[in-house]
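A.B. asks: As a plain string of letters, each chain reads:
Number of protein chains: 2
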Amino acid sequence: MDSQQFRQFGYAAIDYVAEYMETIRDRPVLPEVEPGYLNDKLPDEVPEKGEAWQKILQDFDQLIMPGVTHWQSPRFHAFFPTANSYPSIVGEILSAGLAVIGIHWTASPACTELEVKVMNWLGKLLCLPHKFLNSSPGPGGGVIQSSASESTLICLLAAKAKSLRRVKKLHPHLDEQEIVSRLTAYTSDQANSSVEKSGMLGSVQLRILPADENGELKREALIEAIKKDIENGLFPCYMIATLGSTGICTFDKLDVIGPICQQYNIWLHVDAAYAGAAFILPEYQHLMKGVEDASSFNFNPHKWLLVNFDCSALWVQDANDLTDAFVVRRIYLEDKQENENTQLPEYRNWQISLGRRFRAIKLWFTLRVYGKDGLQAFLRNHINLANLFATLVEQDPRFEIVCPPRMGLVCFRIKGENQKTQKLHDLLMERKKVYMLTASLNGKLFIRFVICSRMMKESDVHFSWNEITSQTENILMNNGTLNGHSTNEIQE
Amino acid sequence: MDSQQFRQFGYAAIDYVAEYMETIRDRPVLPEVEPGYLNDKLPDEVPEKGEAWQKILQDFDQLIMPGVTHWQSPRFHAFFPTANSYPSIVGEILSAGLAVIGIHWTASPACTELEVKVMNWLGKLLCLPHKFLNSSPGPGGGVIQSSASESTLICLLAAKAKSLRRVKKLHPHLDEQEIVSRLTAYTSDQANSSVEKSGMLGSVQLRILPADENGELKREALIEAIKKDIENGLFPCYMIATLGSTGICTFDKLDVIGPICQQYNIWLHVDAAYAGAAFILPEYQHLMKGVEDASSFNFNPHKWLLVNFDCSALWVQDANDLTDAFVVRRIYLEDKQENENTQLPEYRNWQISLGRRFRAIKLWFTLRVYGKDGLQAFLRNHINLANLFATLVEQDPRFEIVCPPRMGLVCFRIKGENQKTQKLHDLLMERKKVYMLTASLNGKLFIRFVICSRMMKESDVHFSWNEITSQTENILMNNGTLNGHSTNEIQE
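These protein sequence lines are chains A and B, in that order. Position 322 (the first sequence) corresponds to 322 in UniProt numbering; numbering is contiguous. Position 225 (the second sequence) corresponds to 225 in UniProt numbering; numbering is contiguous.
One or more hints might be untrue.
Chain copies aren't distinguished; within one or between two, either way the pair holds.
[Unchecked claim] Below 27 Å or equal to it, Euclidean Cα-Cα: the simulated DSS-like pairs (lysine-lysine) are: (1) K124 - K49; (2) K124 - K55; (3) K41 - K55; (4) K124 - K41; (5) K55 - K372; (6) K432 - K457; (7) K49 - K372; (8) K124 - K372; (9) K131 - K41; (10) K227 - K169; (11) K289 - K124; (12) K41 - K372; (13) K49 - K457; (14) K253 - K124.
Just so you know, the hints here were simulated from the structure itself, not pulled from any lab data. Note that the structure is a prediction, hence the values are computed from the model and not measured.
Isolated chain A, as found in the complex (with noise of 0.2 Å):
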């Protein structure tokens, strides 16, 4: 493929993506396909010979987006959102573009030094402590991961390792696998499961402690699950608090927390993978209080700040930690420009991989596209569009609101027993309109309603809620004892 032809395929591309925008409330949101659907329409083996685009892309319309789930429609209410936009895009082409890797300074100077540029400018806007700016005098920073999962795991292999050096000074006749061996780590049971995972992954005891009523970590269960650990001879580590939980979008008090894990020398890391974005505007910013006491904290702009996966921010007050845990020295991996400091940080110090994009490219576009005023129009849009949903949910006495709308987020379902909320959501996954998930709290089924496309509109809003009161209809009609629809078949 000459440049030429690149040129073709490339435009034909913006515009089928324009197009697919444009158009993208005329595709049901969930697909029609069956499990397997694509593997006999597609050859076993790769061709012989190279194939023209314009066939490609035309299997691409015609294979490929049947088996597509819509995460950018306006009637896709699962999850939380992933972000994309327009400047995010534009800026994946040119990161591909150039397809350099940031491995030291000297691998691509501007990579470093623009990542560096926009994790300042992106801290600013969420009014972060100074101290975790590569721009502030001190050790702290910032640094783009892949996912928040990965910045939870990358955090508590930095507190690992910062706690096995700190016991090993205390307890000099014990050994290093030994220590590591009686590490705990804490969290609530409305952490996401990547915190979970990253306790598994990371060989470190993960206490999981029941929430209040509210869904936040209640102080007294920390303290009694860190002192009962410490009575085990156990060397408590870790602490995972979530700014926006996944289930109910519920905030872990810092304020509460964060002076325990001071007092028991445990690596605060705040999990705001969805709700982070929000802290650009000012009315929210109360619910980081304490954040000045996290030793990191971590939001996901390729959730709800429109810049396209992968774009995880991760600041730390003390980046040595990471790369005390992460450092191998190896002599192709020297650099000229010897700066361990912040602000010509060596990035590869600071993940799991070797290798990195130039993912600071689309986050900078995004951020100078849409501008600070942009970006919290968009968020405030989504909130408002989700107090109108609940409005909406609260004016009809057949439902309940299970817990205030946060957010984008209103959990909700229809009063009684939970098989007419399974039942409603059973419809709505067979009829592919609409796409939200279920959970439960405190015994009772609910509907997950997320506002999560950027297009999303008043009208959406009113769409969505005409899916779901015409289905409660034909529920409530027939009494709750529809036939053929099983409770227990999807838990989404």
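With the hints as your guide, set chain B onto chain A.
C.D. replies: Structure of chain B alone, referenced to chain A:
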């Protein structure tokens, strides 16, 4: 930004990339900037109002590009190649446009199913044993990971979990943490730094065994290390063999190592990050003889097979080993299609992160646009160019080849003391016209010359060789006493 502006911005970015590639030889491969060059060129805060894309693209060109090291330049001979191709870039556009997250099948059926399909294609292209493929009836399968580092770590974690279960059965009285603390892993000192890092991050004691004079892992050294560990009450768990080492591209002998690993129940992971691509050429498949005994095999299409970073291909003989180590069950992750089979894998349980991009698109596009013939021709061209370079070196009595050229890598030096080669490298780095790294073998410093760019032609080899010889003349004329260039200054 509306879709019309996106079209304009997108076309402009496509043109930018096409022109960049067309004119890439005009740019010095290494940038002229000094550390911190970007800091004052950009404002310290996100702009309040959104900005026009024309201004942003202009800044990209005027501020970012001067700080870019050109990994795609035919003058770039450092590290190993990082892939970039036109179909792959277009694949990234469509992937970013859909912005789906392949958490499970329902989350986007095509995202899972295309990945299964193209990983089968790729596995067949490499002539991997059928049992590694998703299309086999057994539990084997392939998956796209972010990097070889990540793949090594993932398999280490899986091996760890598997060994834990095995040892626990044999020694039920042993505490799980105790068992984990006694697991050991093995590799040679020619393995990539990421292998050492995976041992650090996975808290498994890694024995880095000295390679023989050819850079291959010694059978006896491995057996001795394993036996010694067993005698000391430790549990051998994981072995990382390298096919195409980073330093001098050596190949461990899988048919020697494999039976040993089988005997001692050790997970054999094959890191063929760079050279694995060459197994699509029949004439190189003998280098992976014995691969049927491996538990996992990894290579990076994003290195030497024209697919943009990130695209690291990992196959395992038994995918249950991954899921057993990685599964966390939460209600919002349950899927209606409960297929834990490798035809429809739950890929989130095969990796560290929960989220994943639709990376199969770019792999699919690249394989189809090039076809098997095109991919083979691409690799053979690189290998031929490396041989051409080696011939030029050999014909010049001032130089010597350190080890036979392998794949796209030629290791050479100025005959005599290391200082001369060091000075040559210093000069080349200062002049910034070509980019290579130095390394050492048996006390001899040498320069690694790697064919990297997909646009590389014979004339480019001559360009780089002329640059090398012209600077060598300067050094030898000055009889090795050139002032002003510290031999310790650059170790790249």
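A.B. asks: Please work out whether the CA atoms of K124 and K49 approach to 27 Å or closer within one copy, between two copies, in both situations, or in neither?
C.D. replies: between (52 Å within a copy, 16 Å between copies)
A.B. asks: I want to check one pair: K124 and K55. Are their C-alpha atoms no more than 27 Å apart within a copy, between two copies, both, or neither?
C.D. replies: between (47 Å within a copy, 23 Å between copies)
A.B. asks: If the cutoff is 27 Å on CA atoms, where do K124 and K372 land: within, between, both or neither? Let me know, please.
C.D. replies: Within one copy only: 11 Å inside a chain, 50 Å across chains, cut-off 27 Å.
A.B. asks: Can you tell me if K131 and K41 fall within 27 Å by alpha carbon in one copy, between copies, both or neither?
C.D. replies: Between copies only: 23 Å across chains, 55 Å inside a chain, cut-off 27 Å.
A.B. asks: Have a look at K227 and K169 and pick one of within, between, both or neither, based on CA distance no larger than 27 Å.
C.D. replies: within (21 Å within a copy, 32 Å between copies)
A.B. asks: Checking an output row: K49 and K457, CA cutoff 27 Å. Within, between, both or neither?
C.D. replies: Classified as between: cross-chain Cα gap 22 Å, same-chain 47 Å, threshold 27 Å.
A.B. asks: Go through the copies and call it for K49 and K372: within, between, both or neither, with a Cα cutoff of 27 Å.
C.D. replies: Close across copies (6 Å), not inside one copy (49 Å); limit 27 Å.
A.B. asks: At 27 Å max between alpha carbons, let me know whether K55 reaches K372 within a copy, between copies, both or neither.
C.D. replies: between (42 Å within a copy, 17 Å between copies)
A.B. asks: Regarding K289 and K124, is the shortest C-alpha distance of 27 Å or less found within a copy, between copies, in both, or in neither?
C.D. replies: Close inside one copy (16 Å), not across copies (55 Å); limit 27 Å.
A.B. asks: Is it within a copy, between copies, both, or neither that the alpha carbon of K253 lies no farther than 27 Å from that of K124?
C.D. replies: Only inside one copy: K253 and K124 sit 22 Å apart there, 53 Å across copies, limit 27 Å.
A.B. asks: Should K124 paired with K41 be assigned to within, between, both, or neither, using CA atoms and 27 Å as the limit?
C.D. replies: between (50 Å within a copy, 18 Å between copies)
A.B. asks: Taking 27 Å as the upper bound on the Cα-Cα distance, should K432 and K457 be classified as within, between, both, or neither?
C.D. replies: For K432 and K457, only the intra-copy Cα distance (20 Å) is at most 27 Å; the inter-copy one is 53 Å.
Checked against the numbered hints above, the structure violates none of them.
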